[in-house]
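Undergrad: On the provided structure of chain P, position chains G and W as indicated by the hints.
Protein sequence lines, in the order shown, are assigned to chains P, G and W.
Just so we're aligned: the first sequence equals residues 1 to 223 in this note's numbering.
Just so we're aligned: the second sequence equals residues 1 to 223 in this note's numbering.
Just so we're aligned: the third sequence equals residues 1 to 223 in this note's numbering.
I should point out that these hints are in silico values taken from the structure, not numbers from a laboratory.
As the structure is a computational prediction, the values presented were derived from the model and not from experiment.
Heads up, some of the hints might be wrong.
What follows is a list of derived Cβ distance ranges for each label pair [stated by the list, open to error]:
| no. | chain 1 | residue 1 | chain 2 | residue 2 | range |
| --- | --- | --- | --- | --- | --- |
| 1 | W | 187 | P | 18 | 58 to 66 angstroms |
| 2 | P | 71 | G | 216 | 25 to 33 angstroms |
| 3 | W | 119 | G | 119 | 45 to 53 angstroms |
| 4 | G | 160 | W | 52 | 36 to 44 angstroms |
Glycine is no exception: its CB is placed at the ideal position from the N, C-alpha and C atoms.
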Amino acid sequence: MPTLERHDNVFVLDLGDGENRFHPDWLAAVGAALDEVEKADGPRALVTAATGKFYSNGLDLDWLFAHADQHQDYVVSVHELFARTLSLPLITVAALQGHTFAAGAMFSLAHDFRVMRADRGYWCLPEADINIPFTPPMAALIQARLAPQTAHQAMLTAHRYGGVDASAAGIVDHAVSEDAVRTAAVELAQAQVNKAGDTLGTIKARMYGPTLAALRDTADPLG
Amino acid sequence: MPTLERHDNVFVLDLGDGENRFHPDWLAAVGAALDEVEKADGPRALVTAATGKFYSNGLDLDWLFAHADQHQDYVVSVHELFARTLSLPLITVAALQGHTFAAGAMFSLAHDFRVMRADRGYWCLPEADINIPFTPPMAALIQARLAPQTAHQAMLTAHRYGGVDASAAGIVDHAVSEDAVRTAAVELAQAQVNKAGDTLGTIKARMYGPTLAALRDTADPLG
Amino acid sequence: MPTLERHDNVFVLDLGDGENRFHPDWLAAVGAALDEVEKADGPRALVTAATGKFYSNGLDLDWLFAHADQHQDYVVSVHELFARTLSLPLITVAALQGHTFAAGAMFSLAHDFRVMRADRGYWCLPEADINIPFTPPMAALIQARLAPQTAHQAMLTAHRYGGVDASAAGIVDHAVSEDAVRTAAVELAQAQVNKAGDTLGTIKARMYGPTLAALRDTADPLG
Numbered sequence: 001m002p003t004l005e006r007h008d009n010v011f012v013l014d015l016g017d018g019e020n021r022f023h024p025d026w027l028a029a030v031g032a033a034l035d036e037v038e039k040a041d042g043p044r045a046l047v048t049a050a051t052g053k054f055y056s057n058g059l060d061l062d063w064l065f066a067h068a069d070q071h072q073d074y075v076v077s078v079h080e081l082f083a084r085t086l087s088l089p090l091i092t093v094a095a096l097q098g099h100t101f102a103a104g105a106m107f108s109l110a111h112d113f114r115v116m117r118a119d120r121g122y123w124c125l126p127e128a129d130i131n132i133p134f135t136p137p138m139a140a141l142i143q144a145r146l147a148p149q150t151a152h153q154a155m156l157t158a159h160r161y162g163g164v165d166a167s168a169a170g171i172v173d174h175a176v177s178e179d180a181v182r183t184a185a186v187e188l189a190q191a192q193v194n195k196a197g198d199t200l201g202t203i204k205a206r207m208y209g210p211t212l213a214a215l216r217d218t219a220d221p222l223g
Numbered sequence: 001m002p003t004l005e006r007h008d009n010v011f012v013l014d015l016g017d018g019e020n021r022f023h024p025d026w027l028a029a030v031g032a033a034l035d036e037v038e039k040a041d042g043p044r045a046l047v048t049a050a051t052g053k054f055y056s057n058g059l060d061l062d063w064l065f066a067h068a069d070q071h072q073d074y075v076v077s078v079h080e081l082f083a084r085t086l087s088l089p090l091i092t093v094a095a096l097q098g099h100t101f102a103a104g105a106m107f108s109l110a111h112d113f114r115v116m117r118a119d120r121g122y123w124c125l126p127e128a129d130i131n132i133p134f135t136p137p138m139a140a141l142i143q144a145r146l147a148p149q150t151a152h153q154a155m156l157t158a159h160r161y162g163g164v165d166a167s168a169a170g171i172v173d174h175a176v177s178e179d180a181v182r183t184a185a186v187e188l189a190q191a192q193v194n195k196a197g198d199t200l201g202t203i204k205a206r207m208y209g210p211t212l213a214a215l216r217d218t219a220d221p222l223g
Numbered sequence: 001m002p003t004l005e006r007h008d009n010v011f012v013l014d015l016g017d018g019e020n021r022f023h024p025d026w027l028a029a030v031g032a033a034l035d036e037v038e039k040a041d042g043p044r045a046l047v048t049a050a051t052g053k054f055y056s057n058g059l060d061l062d063w064l065f066a067h068a069d070q071h072q073d074y075v076v077s078v079h080e081l082f083a084r085t086l087s088l089p090l091i092t093v094a095a096l097q098g099h100t101f102a103a104g105a106m107f108s109l110a111h112d113f114r115v116m117r118a119d120r121g122y123w124c125l126p127e128a129d130i131n132i133p134f135t136p137p138m139a140a141l142i143q144a145r146l147a148p149q150t151a152h153q154a155m156l157t158a159h160r161y162g163g164v165d166a167s168a169a170g171i172v173d174h175a176v177s178e179d180a181v182r183t184a185a186v187e188l189a190q191a192q193v194n195k196a197g198d199t200l201g202t203i204k205a206r207m208y209g210p211t212l213a214a215l216r217d218t219a220d221p222l223g
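In isolation and in its complexed conformation, chain P is listed as follows:
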């Protein structure tokens, strides 16, 4: 389960050491951690990270198939995770030490910056291959953060980007060696702790107004 630690002014949220899929309990734990980070005072920033082969594989499809009647509420809660992350009034950095797939990849795009391991692991939106179309708000999030050519290739071909390719395509901001991923993410966050505050929150809310509104439109989340 996700665990939150604080090192000086940088909070580090470890998403887990498994596939770190979005089980409702995992979503609740991450939400509580974001509450704690948001409510803290003073200079601060957030790094999300994980341990092992995966950063996150996204939706918990096993749970979802067993709870089909809760499909819409589940999607609403995932959209809300993306909206909260995208609008946090502090700088957020995702440390992608392992595979980052599907909704896990979208979660990474809701962060301000991404640092990815260069030599192994993929960032991938496999939706076109697994027959799960992006919800309209998910598509809006991805397209708000990636260049048109990159979004098109990523969303339609399920291309698996290694770290170097992901950096060249502008999906991640830095591709570094395995042992440097978390360190580089923390350093990037540490340099921005003084940005935390209402001004940053307002800037984010205005930059991504339509995307946030779509993610928070609970009336028809499946489009």
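TA: Same frame as chain P, but now just chains G and W:
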């Protein structure tokens, strides 16, 4: 006139061996070919290509000047070609072996990917030079597919991009030697034939919803 | 104060030799210069430039703090400067010989192209550091002209881009040596003087319709 052939799972639509302008008969033939490709079953992808010096020079201005009373209907039919191509539920690749100008260039942008000859031929939006402003839906299509800096230069300066420059600017995905253009496009399409289906169609419809709605708004196509 | 000169078909508007902040008198003088350029006939283009260490530092905060009751009208007049520049029916080039900050940086983005000194001087949006959130129309302008990854970094981290970095990020089109900045901008403008006219104005108006509407919405300019 356009001719459609099938090689394994890849349809190849040859647009012709002239300037391949959008005469109403040409539009009807291309539309019928897209119908055939869309209605086919199973794994498939589409390559559009041409023979000779031109991929396409776009609108048939001679016909248009001779039929000024049909201007609006003609523009609606061109918008519909772009909308259909952009939303086909299968991967499309344009093989640009020759000059790709004006509405021919826009047609290429309605494809998922573009392969262009590296050493000769230009991709160009000459509208600013020939005093034909882009219709609002045409502008929306171009801006949905190109980075802001590239769209700005291409649309306002009528810059002629050779294959290498077009690749660097993200207008085309690959620039290759003359004899490799069609082969590379077919290989790219062949690798994606299993993407064909409703999921891909839904993803495209959601990604380009506003652009498709503008292209299909027949009430006031000229803005 | 700003001064306008004409060299052949290229107008050169010198913004001044100080910080070139947007005092109401400065705004009026720049507005009058844009009137003159717009009303002129025939082939023409516009270069804006400055003398000394600064291109422009943006809003005149001293004047603004002394005239807090005129805050909203002042913002409306700044938005109008951006809208006018973005929609001029001729090609505009900003010659960035010195620091280009905040609303000065936004003004540069309202031009069609930017040439920046490579070895000294910064292009920077410091709003996140100085606790002045972008108005929604300002955010719209910046996001309409920059790639998503670049807009995100520039708007949230107040990163100072030198000329080489600004060129790599697509913020400026060319980074050149100090003595070449104005010359290169004039040459770039000279090559496009024949674009001046209604067609170019229509193309710009359609490309940036929503951004222009936001900049000209005087009802609630502060969001």
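Undergrad: State for each hint whether it applies.
TA: Structure-based check of all given hints:
Checking the proposed 58 to 66 angstroms range against residue 187/W and residue 18/P shows it holds: the Cβ atoms sit about 60 angstroms from each other. Distance hint check: the CB atoms of residue 71/P and residue 216/G are about 30 angstroms apart, consistent with the given range 25 to 33 angstroms. For the pair residue 119/W and residue 119/G, the supplied restraint of 45 to 53 angstroms is violated, since their beta-carbon distance comes to about 36 angstroms. One distance hint, 36 to 44 angstroms for the beta-carbon pair residue 160/G and residue 52/W, holds here, with the actual separation near 38 angstroms.
The structure fails to meet hint 3 from the earlier list, while all remaining hints are met.
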